[in-house]
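Protein sequence lines correspond, in order, to chains A and B.
When we follow our numbering, the leftmost residue of the first sequence carries the number 1, and every step to the right adds one.
When we follow our numbering, the leftmost residue of the second sequence carries the number 839, and every step to the right adds one.
If you're looking for bench data, these hints aren't it; they were derived computationally from the structure.
By construction, the Cβ of each residue, glycine as well, lies at the ideal position given by its N, Cα and C atoms.
A hint or two may mislead.
Below, computed lysine to aspartate or glutamate pairings styled on EDC-like, alpha-carbon distance capped at 20 Å [what the hints assert, rightly or not]:
{"no.": "1", "chain 1": "B", "residue 1": "848", "chain 2": "A", "residue 2": "132"}
{"no.": "2", "chain 1": "A", "residue 1": "705", "chain 2": "B", "residue 2": "892"}
{"no.": "3", "chain 1": "B", "residue 1": "903", "chain 2": "B", "residue 2": "924"}
Simulated coverage check for chain B against chain A, where a stretch passes if three residues somewhere in it have a Cβ under 8 Å from a Cβ of chain A [what the hints assert, rightly or not]:
{"no.": "4", "stretch": "884 to 893"}
{"no.": "5", "stretch": "923 to 934"}
{"no.": "6", "stretch": "937 to 943"}
{"no.": "7", "stretch": "984 to 996"}
With beta-carbon atoms standing in for the labels, derived distance ranges [as the list claims (entries may be wrong)]:
{"no.": "8", "chain 1": "B", "residue 1": "930", "chain 2": "A", "residue 2": "608", "range": "31 to 39 Å"}
{"no.": "9", "chain 1": "A", "residue 1": "410", "chain 2": "B", "residue 2": "929", "range": "50 to 58 Å"}
{"no.": "10", "chain 1": "A", "residue 1": "794", "chain 2": "B", "residue 2": "966", "range": "50 to 58 Å"}
{"no.": "11", "chain 1": "A", "residue 1": "730", "chain 2": "B", "residue 2": "861", "range": "52 to 60 Å"}
{"no.": "12", "chain 1": "A", "residue 1": "216", "chain 2": "B", "residue 2": "858", "range": "35 to 43 Å"}
{"no.": "13", "chain 1": "B", "residue 1": "877", "chain 2": "A", "residue 2": "218", "range": "25 to 33 Å"}
{"no.": "14", "chain 1": "A", "residue 1": "648", "chain 2": "B", "residue 2": "864", "range": "48 to 56 Å"}
{"no.": "15", "chain 1": "B", "residue 1": "861", "chain 2": "A", "residue 2": "447", "range": "55 to 63 Å"}
{"no.": "16", "chain 1": "B", "residue 1": "978", "chain 2": "A", "residue 2": "700", "range": "37 to 45 Å"}
{"no.": "17", "chain 1": "A", "residue 1": "89", "chain 2": "B", "residue 2": "978", "range": "42 to 50 Å"}
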Amino acid sequence: MAESEKPSNPTADCRNACQDDLRVIGVPRRRVDARAKVTGQTRFADDVTFPRMAYCKLLRSPHAHARIRKIDTSRALAYPGVYLVLTGKDVPIEYGILPVSQDEQALCVDHVRHVGDPLAAVIAREELTAFEALDLIDVEYEILPPICDPEDALANPEPRIHAYGEEGNIHKRVSLAFGEVEQGFAEADEVFEDIFFYQGNTHLPIEQHAAVAIKDPDGKLTIWSSTQTPHYLHRALAKVLEMPPAHIRVIATPNGGGFGGKSDPFQHEIVVAKAALLLDRPVKICLTREEVFYCHRGRHPVLMKFKTGVKNDGTITGIHLQTLIDGGAYGSYGVASTFYTGALQTTTYHVPRYRFEGCRTFTNKPPCGPKRGHGTVQPRFGQEVQLDKIAEKLSLDPALLRLRIVESSDTVTANFLRLGTVNLAECIRRVVERSGWNEKFRKLPEGRGVGLACSAYLTGAGLPIYWNKMPHSGVQLKLDRGGGVTVFCGSSEIGQGSDDVLASIVAEILGLDTFDIRIYTGDTDLGPVDLGSYSSRVTLMAGNAAIQAAERARDLLSTAVAERWTVPKERLRFADKHVFDSAAPEKSVTFAEAVSLAEARLGTIGTVGSYTPPESPAHYKGGGVGPSPTYSYSAAVVEVVVNPLTGWLNIPTIWIAHDIGRALNPELARGQVIGSVYMGLGEALMEEQKFRRLPKKLSHALVHKFPSMLEYKSPTSLDMPDVVVDLIEEPDPRGPYGAKEVGQGPLLPIMPAVANAVYDAVGVRIDEVPVTPEKIVKALAEKKAGRFPRFGPSHFPQIEWPEPLRVPPPWEGGDGNAVNKPARQKKPPTQRENVLTS
Amino acid sequence: MVTIPAESRKSAHIRLTLNAEPVEVSFVPYKTLLEVLREDLGHTGTKHGCELGECGACAVLVDDKPVLSCLLLALECDGRNVLTVEGLASNGMLHPLQEAFANLGAAQCGYCTPAILVTAKALLDENPSPTRDQIRQALSGNLCRCTGYLQIFEAVEEAVMKIAEQKKISGRAV
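Please model the entire structure based on the sequences and the hints provided.
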């Protein structure tokens, strides 16, 4: 139980060191920030307080869609204890995470677009005062009819939710053709057509978003915030506040869970920053749980149509995928999300021809955005359930079918994604063996079944959010003559263990213990830019940057020590806080002595490292979404027990194998897999971000059905099955020590595996997520009545798709460029929204 | 006369034992134990996720029983014994639960961790060798979005073994 580190014994351990064995990487370890977390000392955003701190509360729209006719803040301002009331005109500049969707305002000026859209802020001495004063803000609304869902949006171009976008309430339409998919269908023995629906759901981090801003004593701005993307927040603040970025410091506090929900710049962050500057005192905001539901940026509800041609042996001849996406009220990451719904279909199985059409609509609901698996989760569900149907029709075992068609390593896919290592086949074999698949599939008694599904995910987005040629991640090291090493990096720790990744890599290279390393992350003043904790990018990108910085530091130290010993520096080894001569292991200096020698010889020791992803072969427009340095792969088998009377589902065990390249810290990697399985299970069984219209006699508003943790169902400790985790480790040369991502990929196979298992158990197809007992009972009733035993969407609406961008796949001589230039659709003239004045 | 807003009047006053220390605190009467702990006593180890009694992140032990501090008025805590995550370690040594949670990946973001630790402690104080089902049951009011709970169960089981070993050793010493 002793907390002190194990005393090192340099001479005894030297032999191992000289063999260059990994001593930190791959060893299950306590993460560097674990002690802070178990003692309650991790400083989350709401734990940050200052003297004279004021509190902020936001007035949010009670209407789903309305014009703001008039706002009168005079009564609120006169309320005792109120310091400041802000409205849209105080922060009118539009911003948004994507350069193409600068459509948000920190406080709505003249148009509210969903229940919960903020339009005014009160800053007061006490939080309760601010809250009470919200009631004293008088707002006159002109209520507009709400757009409730994508079909509503397609049918009703007016009233427009935004003045930009394709047309009416269509935000983005995408049409891509990689080869002639119709020819693929002509060559097929069977063509399958299925429609699936994936309901939206939300991240539900236990920590509510919070931020504290101060005007620094020298007049600059500092903000602490629970953000996954401090660099993007930095940019948004500079834009809206019209301040040089150099005068703004963003500190991402450790996030109490993120899952993608803290990746956008948020209204409350900009508002407290503005208020702190105006008031010259610290201003804090902590959102209520209800407000977190309104921030959302969660999983897009997606309706999908999959048309897939196959040969009798299971070979895919072509896929045509159409997606209709409910974007909610703002752009957020939506344009990227739209492309993501079509990007990764080619990464798991060989698809020679592929056509994708996607359409994102605006609706008067909280904006959707990136949630764990961003945009790829919904079509993965459709693809894997359809494959299960294909296997059945072809009388093939679903595992065997997949093994026949898995894509191979180092392939460039039909849509020009360059794959790294692909160990999907091994993942499938492992879960088949571990789960006893061959003894169970179609062999278990009625009511019990198994289902299998696979997936792939990016290890970091290949392109940044805004176009630039700079590194995606930078790491800076400072070496102290006392033997300490400090790591500075812009990455943000959201619970996934990114600080531990940095510490372990630096410790490994410099022969130290992770406890010797100090980590400063998520601070735009202290660390070089890292783009943030999204797209599973940090381990690979910050990890590779850390390797470069640490190897440069090792080189400086080696130079000085080698010179002192007059030996070639290649002979030196770093281990156990010492530097050794590998030819004479009894010869050593401590790490601190080595730093001192280097300082004396070379001056102050500091190094930098950076990482830029390789250029993608996808040169066509839209090819920026999907490329990644490498992809992770997962396969899962889920066992279910279904009560045929109630439809109640019980899941005793899930087996999952994940192609991770290398687990830098196996304890944490396993945790990421189980956590992903858990979150996938929540989506599969119960989680829904649902809306309803209030009765007409009330406001008839379109409201969130249950913006509370009690009614938004998520799995508890009682619902969690046993999870058998296998990590498949074949190092990928693109990853640090061969590591690929693990934080998102293992979520993807769970939902389709559940649906496939339900079919094995009771013979009904649930082509919709979540798979609830109610839907199973309805499908069982269909089965009993002799009709098609299925629950799911019945039609995909007519959408006017633009002419596709044609990109011949590599095997048809394509070079990654489009061969046509589709005429841009004529847009109705963009009208600036009239700013309504009182 | 200067008017002080009602919510700034710290007119309530209680004495309690907080993490084995007697403390006295004045606060605004409507405040919950959670708010008084975090805002008036500087004990920010206890977290909040909903302030409606739904997520379990604010659990503390009041007279050895897990209580959601967001649902308890601080005024009701006069004379009572409150234990938060800050009181788990003793003599510079982490509690076996803390050790196990740290070593076995039971804390990812760490936000739900303080409440789960004290809830698990209450379980082990009452039942030194719980089954996994009893652990599941005891922690069913604490939502965790990161871990999927399994490494939390494993850590509690590890702590059970460590505590039993310690007792054996100290029993022998006596």
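Hints, verified against the model:
1. B:848 <-> A:132: Cα-Cα ~19 Å, so holds.
2. A:705 <-> B:892: holds (17 Å)
3. B:903 <-> B:924: Cα-Cα ~16 Å, so holds.
4. 884 to 893: With 9 residues close enough to chain A, the hint holds.
5. 923 to 934: Holds: 8 residues of the stretch 923 to 934 of chain B have a Cβ under 8 Å from chain A.
6. 937 to 943: Satisfied; 6 residues make the cut.
7. 984 to 996: holds (count 8)
8. B:930 <-> A:608: 31 to 39 Å: The hint (31 to 39 Å, Cβ to Cβ) holds, given that residue 930 of chain B and residue 608 of chain A are roughly 38 Å apart.
9. A:410 <-> B:929: 50 to 58 Å: holds (57 Å)
10. A:794 <-> B:966: 50 to 58 Å: Distance hint for residue 794 of chain A, residue 966 of chain B holds at roughly 57 Å.
11. A:730 <-> B:861: 52 to 60 Å: holds (57 Å)
12. A:216 <-> B:858: 35 to 43 Å: With a Cβ separation near 39 Å, residue 216 of chain A and residue 858 of chain B satisfy 35 to 43 Å, so the hint holds.
13. B:877 <-> A:218: 25 to 33 Å: holds (29 Å)
14. A:648 <-> B:864: 48 to 56 Å: holds (52 Å)
15. B:861 <-> A:447: 55 to 63 Å: Taking Cβ atoms as reference, residue 861 of chain B and residue 447 of chain A lie about 57 Å apart, which means the hint holds.
16. B:978 <-> A:700: 37 to 45 Å: At 38 Å between Cβs, range holds.
17. A:89 <-> B:978: 42 to 50 Å: About 49 Å separates the Cβ atoms of residue 89 of chain A and residue 978 of chain B, which means 42 to 50 Å holds.
In this structure, none of the earlier numbered hints is contradicted; all agree with it.
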